[in-house]
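Model the full structure from these sequences, guided by the hints.
Heads up: the sequence shown runs through residues 1 to 278, numbered per the working numbering.
Since the hints were made in silico from the structure, they are not lab data. Keep in mind that this is a model prediction, so the values were computed, not measured. It is possible that part of the hints are untrue.
[Unchecked claim] Derived DSS-like pairs (lysine-lysine); straight-line CA-CA distance at most 30 Å:
| no. | residue 1 | residue 2 |
| --- | --- | --- |
| 1 | LYS12 | LYS165 |
| 2 | LYS33 | LYS103 |
| 3 | LYS24 | LYS63 |
| 4 | LYS103 | LYS263 |
| 5 | LYS58 | LYS12 |
| 6 | LYS231 | LYS33 |
| 7 | LYS231 | LYS58 |
| 8 | LYS231 | LYS73 |
| 9 | LYS73 | LYS63 |
| 10 | LYS73 | LYS134 |
[To be verified] Ranges of calculated distance between the beta carbons of each label pair, as one might list FRET restraints:
| no. | residue 1 | residue 2 | range |
| --- | --- | --- | --- |
| 11 | LYS231 | THR196 | 38 to 44 Å |
| 12 | GLU36 | THR196 | 34 to 40 Å |
| 13 | SER57 | LYS12 | 28 to 34 Å |
| 14 | GLN183 | LYS12 | 37 to 43 Å |
| 15 | ILE250 | LEU22 | 28 to 34 Å |
| 16 | ALA143 | VAL192 | 16 to 22 Å |
| 17 | GLU119 | ASN38 | 34 to 40 Å |
| 18 | THR126 | GLN183 | 38 to 44 Å |
| 19 | ASP166 | GLY89 | 22 to 28 Å |
| 20 | GLN183 | GLU13 | 25 to 31 Å |
| 21 | THR126 | ARG270 | 14 to 20 Å |
| 22 | GLU59 | LYS263 | 16 to 22 Å |
| 23 | SER62 | ARG191 | 31 to 37 Å |
| 24 | HIS14 | GLN223 | 24 to 30 Å |
By construction, the Cβ of each residue, glycine as well, lies at the ideal position given by its N, Cα and C atoms.
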Amino acid sequence: MEFAPFFYLELKEHILDVPYTLAKRRIRVLLPKDYEENTDKHYPVVYMHDGQNVFHSKEAFSKHSWKTIHAVKRNPDLPSMIIVGIDNGEETRTLEYLPWTVKEAYDSSLSGQGGRGAEFSEFVVTIVKDFVDKHYRTIPDAAHTAMIGSSFGATISTYLGAAYKDQIGRLGIFSLTNWAIAQDFDRFIERVDLPTDQRIYIECGTEEGDEVDEMIIGPYTEQAYITDAIKYSQQVMQAGVAPENVSLNIFHGDEHSEEYWSKHLPDCLRFISQGWPL
Numbered sequence: 001m002e003f004a005p006f007f008y009l010e011l012k013e014h015i016l017d018v019p020y021t022l023a024k025r026r027i028r029v030l031l032p033k034d035y036e037e038n039t040d041k042h043y044p045v046v047y048m049h050d051g052q053n054v055f056h057s058k059e060a061f062s063k064h065s066w067k068t069i070h071a072v073k074r075n076p077d078l079p080s081m082i083i084v085g086i087d088n089g090e091e092t093r094t095l096e097y098l099p100w101t102v103k104e105a106y107d108s109s110l111s112g113q114g115g116r117g118a119e120f121s122e123f124v125v126t127i128v129k130d131f132v133d134k135h136y137r138t139i140p141d142a143a144h145t146a147m148i149g150s151s152f153g154a155t156i157s158t159y160l161g162a163a164y165k166d167q168i169g170r171l172g173i174f175s176l177t178n179w180a181i182a183q184d185f186d187r188f189i190e191r192v193d194l195p196t197d198q199r200i201y202i203e204c205g206t207e208e209g210d211e212v213d214e215m216i217i218g219p220y221t222e223q224a225y226i227t228d229a230i231k232y233s234q235q236v237m238q239a240g241v242a243p244e245n246v247s248l249n250i251f252h253g254d255e256h257s258e259e260y261w262s263k264h265l266p267d268c269l270r271f272i273s274q275g276w277p278l
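Here you go:
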């Protein structure tokens, strides 16, 4: 699928091997407008899950992308950064984005879903991040490396932010679905000490939820998202993150889709990029 290029941002595409499935995975790298001009400059990197939804609405699952290119172009106060969209595995998305299996689901057919999130996380850090750091001028430390995800993409981001805290120091957590693996995640996060300066943006809407969610947890999915957002904010602070480095946002009327997440992406980038060079 081809798209017209934006006049000052360059989007590079790479295909990487996924070792635990022997499949291929596309990543796309959005370079800032001054990348080719300032050849001595190095940049922070933001990694985004569900890469098919990150840049172009035509290929997004909901036909509405995160409008990431627009967010960068229309908010010149944001620091220059490299943004990497990591495609999901489509039919393996749930398998890879949940570090543990769903133990009990309202619809029993969904019990046992997930469970390979640890392998996927290792792929992200040791293959994707390593590739980007080797082929582009990045600032590779944790303070200049961010991870953004929504729904199950948010769940795997919370895991990555804890399991790889020395490599990932900034998180954007949209519409968190840790309720799918609550007991396992709770036990995991209780044993983790997080850096005081890890910086985390968390958000959800008051009208979240869809048919798949109801199959897992039954009715009242709207409250489940709100509860998860609040609970996670408390968990990371208990694990050591300073309260001023956690931004919790609950938006009245927002639903579970890129149409709503994209509205708040600039604010997320603004919060997690504090301290980054312009």
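Each hint, compared with the structure:
1. LYS12 to LYS165: holds, 27 Å
2. LYS33 to LYS103: violated, 46 Å
3. LYS24 to LYS63: holds, 24 Å
4. LYS103 to LYS263: Answer violated: LYS103 to LYS263 is near 34 Å, above 30 Å.
5. LYS58 to LYS12: Within the cut-off at roughly 18 Å; holds.
6. LYS231 to LYS33: violated, 38 Å
7. LYS231 to LYS58: Status violated; Cα separation ~35 Å.
8. LYS231 to LYS73: violated, 34 Å
9. LYS73 to LYS63: Within the cut-off at roughly 21 Å; holds.
10. LYS73 to LYS134: holds, 26 Å
11. LYS231 to THR196: 38 to 44 Å: violated, 20 Å
12. GLU36 to THR196: 34 to 40 Å: Hint holds: Cβ distance 37 Å, inside 34 to 40 Å.
13. SER57 to LYS12: 28 to 34 Å: Since SER57 and LYS12 have Cβ atoms about 20 Å apart, the given range 28 to 34 Å is violated.
14. GLN183 to LYS12: 37 to 43 Å: holds, 41 Å
15. ILE250 to LEU22: 28 to 34 Å: violated, 42 Å
16. ALA143 to VAL192: 16 to 22 Å: holds, 18 Å
17. GLU119 to ASN38: 34 to 40 Å: 37 Å Cβ-Cβ, so the 34 to 40 Å window holds.
18. THR126 to GLN183: 38 to 44 Å: violated, 28 Å
19. ASP166 to GLY89: 22 to 28 Å: Given a distance of about 26 Å, which is inside 22 to 28 Å, the answer is holds.
20. GLN183 to GLU13: 25 to 31 Å: Once the Cβ atoms are compared, 39 Å apart, the range 25 to 31 Å for GLU13 and GLN183 is violated.
21. THR126 to ARG270: 14 to 20 Å: With a Cβ separation near 30 Å, THR126 and ARG270 fall outside 14 to 20 Å, so the hint is violated.
22. GLU59 to LYS263: 16 to 22 Å: Holds: the Cβ-Cβ distance is about 20 Å, inside 16 to 22 Å.
23. SER62 to ARG191: 31 to 37 Å: holds, 36 Å
24. HIS14 to GLN223: 24 to 30 Å: Given range 24 to 30 Å: violated, Cβ gap about 41 Å.
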